[in-house]
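2 protein chains.
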Amino acid sequence: MVITISRQFATGGHTIAQRVAEKLGIAFYDKELVNRVAEQSGFDVDFVTRQGEYIGSKSLLFDIVTRNRASYEDPTDKLFRIQKQIILELGAKEDCVIVGRCAGFLLQEAGIDCLRVFIGADMDYRKAYVQSHYEDTGVPVEKRLKERDSHRQSYVQHYTGAVWGERENYNLCLDSGKLGEDACVDIIVRAAQK
Amino acid sequence: MVITISRQFATGGHTIAQRVAEKLGIAFYDKELVNRVAEQSGFDVDFVTRQGEYIGSKSLLFDIVTRNRASYEDPTDKLFRIQKQIILELGAKEDCVIVGRCAGFLLQEAGIDCLRVFIGADMDYRKAYVQSHYEDTGVPVEKRLKERDSHRQSYVQHYTGAVWGERENYNLCLDSGKLGEDACVDIIVRAAQK
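The listed protein sequences derive, respectively, from chains U and Y. So the first sequence is numbered by this note's numbering: it starts at 1 and just counts up by one. So the second sequence is numbered by this note's numbering: it starts at 1 and just counts up by one.
Excised from the complex, chain U in its bound form (with noise of 0.2 Å):
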């Protein structure tokens, strides 16, 4: 049993999946993940955090001049390979729990079964809970959330070429403002109990 989800910043998503972990009593793997990556690639944990799901625009200049060096390896593509072959090791050996970092599109391709989650809410919930569980970094909220989506949309794109959120590359999408944080853990529970 091996349960994939996604979420969009400040839905609570990183809460639910680990409660569903610890409910079905299986491994769960976000900061774990990210130690492992970090370990395995030599990149230190701050850089795995960042890099492992948000990819950043490179310049055209960079671009020429490394497209002249066949061995040089980008650090976010490296990074995501590691990542991906610890996330496809870990998919077909143990049943576990995995947030974000392309999961359940890198298992599928493989052909490894999952349940594959999203995890979402409206624009007024993820204001709230952004201003009510997270430090005001001076940037406006809607800003700030509209940006980290962007940036996920990004990364699943350029490595997956699929859209990041759409409803079709998922067996089960939850509105977490809607419906709570207990009824999306119960309701992940009794799908993947199925």
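Note that identical chains are pooled: a pair holds if it fits in a single copy or bridges any two copies.
Taking lysine-lysine and the DSS-like style, the derived pairs with C-alpha atoms no more than 30 Å apart in a straight line are:
| id | residue 1 | residue 2 |
| --- | --- | --- |
| 1 | K178 | K194 |
| 2 | K93 | K178 |
| 3 | K194 | K84 |
| 4 | K127 | K194 |
| 5 | K146 | K194 |
| 6 | K23 | K178 |
| 7 | K146 | K78 |
| 8 | K143 | K31 |
| 9 | K178 | K84 |
| 10 | K194 | K23 |
| 11 | K84 | K146 |
| 12 | K31 | K178 |
| 13 | K143 | K178 |
| 14 | K146 | K127 |
Hints in this document: simulated from the structure, not taken from any laboratory. Just so you know, these numbers come straight off a predicted model, no measurement behind them.
Add chain Y to chain U, keeping to what the hints say.
For chain Y alone, kept in the frame of chain U given last:
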């Protein structure tokens, strides 16, 4: 407690919706809604069934002729108007499950609280479903499914401006092919009890 269920053709959505209503002990509106609309509009049941969720293409000539007759109301528009009125009355008055007919969009727009569910499934599942549940019409199954999807999408787009089946428009999206009928029923009931 009002639950609206949109579903792709050949996903078992009708049966799931009916079982949810039974389990919650609340009214179920699908065929019964058609009957009410037929009664109040004067259209026959077949016309309401066909035109209540699908919009046909109109010729330019039809447009030119009718545009000049102020008192003329297009039958599909009249049907939609009456259908909408009945859905809003039902949603405001009683606990129920309503299948299709833009119910979720209409209730939300009117500020009536409801749980909005979408039931989909992948093409392979739906093809097999058609083959085991419906008669062969001579039209290739995939073509038949795509036409149905396209007509439902046009109907929703025409009358609500929204995209049918897009995750953001629902609180819960279920892949009935992956999850199975029983799990879908349990999940919707759990979400409604929130």
